[in-house]
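Q: Using this note's numbering, the first residue of the sequence shown is number 3, and each one after it goes up by one.
By construction, these hints were calculated from the structure, which means they are not laboratory data.
Among the hints, a few may not be true.
Quick list of the computed label-pair ranges, beta carbon to beta carbon [claimed, not checked]: (1) L39 with P122: 32 to 38 Å; (2) E103 with V53: 20 to 26 Å; (3) D52 with G118: 21 to 27 Å; (4) D80 with G58: 34 to 40 Å; (5) V121 with L39: 34 to 40 Å; (6) D101 with H62: 26 to 32 Å; (7) T88 with C119: 32 to 38 Å; (8) S115 with L39: 19 to 25 Å.
All values reported here derive from a predicted model rather than from experimental measurement.
Glycine included, every Cβ here is placed at the ideal spot set by N, Cα and C.
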Amino acid sequence: MVLSATPPSRARLRLVSSEDARTTPRAGGRLDRYGELADRRLAAILAAEDVAEEHGLSAHARTTCYVHRCWVHQCISDPLHVLVVTGHRWCRRCDRTVDVEIDETFPGSVELSCDGCGVPPDTVANREVLFACRTSLVAMHGGEVSTLYVVPDD
């Protein structure tokens with residue numbers, strides 16, 4: 003398989019609405035992967051982000067985590083989400099894991115800190131962590147609000 007270096011077209015968007023979340027999963031469909039989840043809206047967004055990621059969405063821009071099957075802010079503190087190579091949840095100043103503090107109480111908040119140097123890690127990768135977690139909090143509290151996703155061209 004050859005991966006294309008050009009970004010996919012952003013001409014088409016898919017709305018994931020409350021109606022999509024209530025849709026009965028088709029046999030072999032993407033929602034089946036998350037069929038055990040009681041939160042059908044979360045399951046629909048997980049499935050939509052899986053498709054969007056296959057077509058160009060950065061894994062670091064997801065609001066959900068397909069590994070833990072939850073909102074990304076709920077599992078970002080897991081050591082699995084420390085990526086030394088890219089600098090996600092990593093302090094390059096002192097070579098330590100960055101701690102994440104999440105307050106899920108509406109409207110929610112996210113803070114990154116380094117216990118080693120005491121300086122908040124302000125890198126592109128850690129700003130992506132902040133953005134993904136903040137977006138995840140908004141999505142979780144969004145209720146019936148739809149979310150836009152890029153989908154492939156035909």
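Q: All hints, please: hold or fail.
A: For each hint, the structure was consulted:
Checked against the given bound of 32 to 38 Å, the beta carbons of L39 and P122, roughly 34 Å apart, stay inside it. A hinted range of 20 to 26 Å for the beta carbons of E103 and V53 is inconsistent with their spacing of about 32 Å. Here the CB-CB span from D52 to G118 is close to 35 Å, at odds with the stated 21 to 27 Å. Separation of D80 from G58 is about 25 Å and departs from the stated range, judged on CB atoms against 34 to 40 Å.
The hinted range of 34 to 40 Å is satisfied by V121 and L39, whose Cβ atoms lie roughly 38 Å apart. Between D101 and H62 the beta carbon distance is about 18 Å. The supplied range of 26 to 32 Å is therefore violated. The beta-carbon spacing between T88 and C119, approximately 19 Å, falls outside the hinted interval of 32 to 38 Å. Taking the beta carbon of each, S115 and L39 are about 31 Å apart, not inside 19 to 25 Å as hinted.
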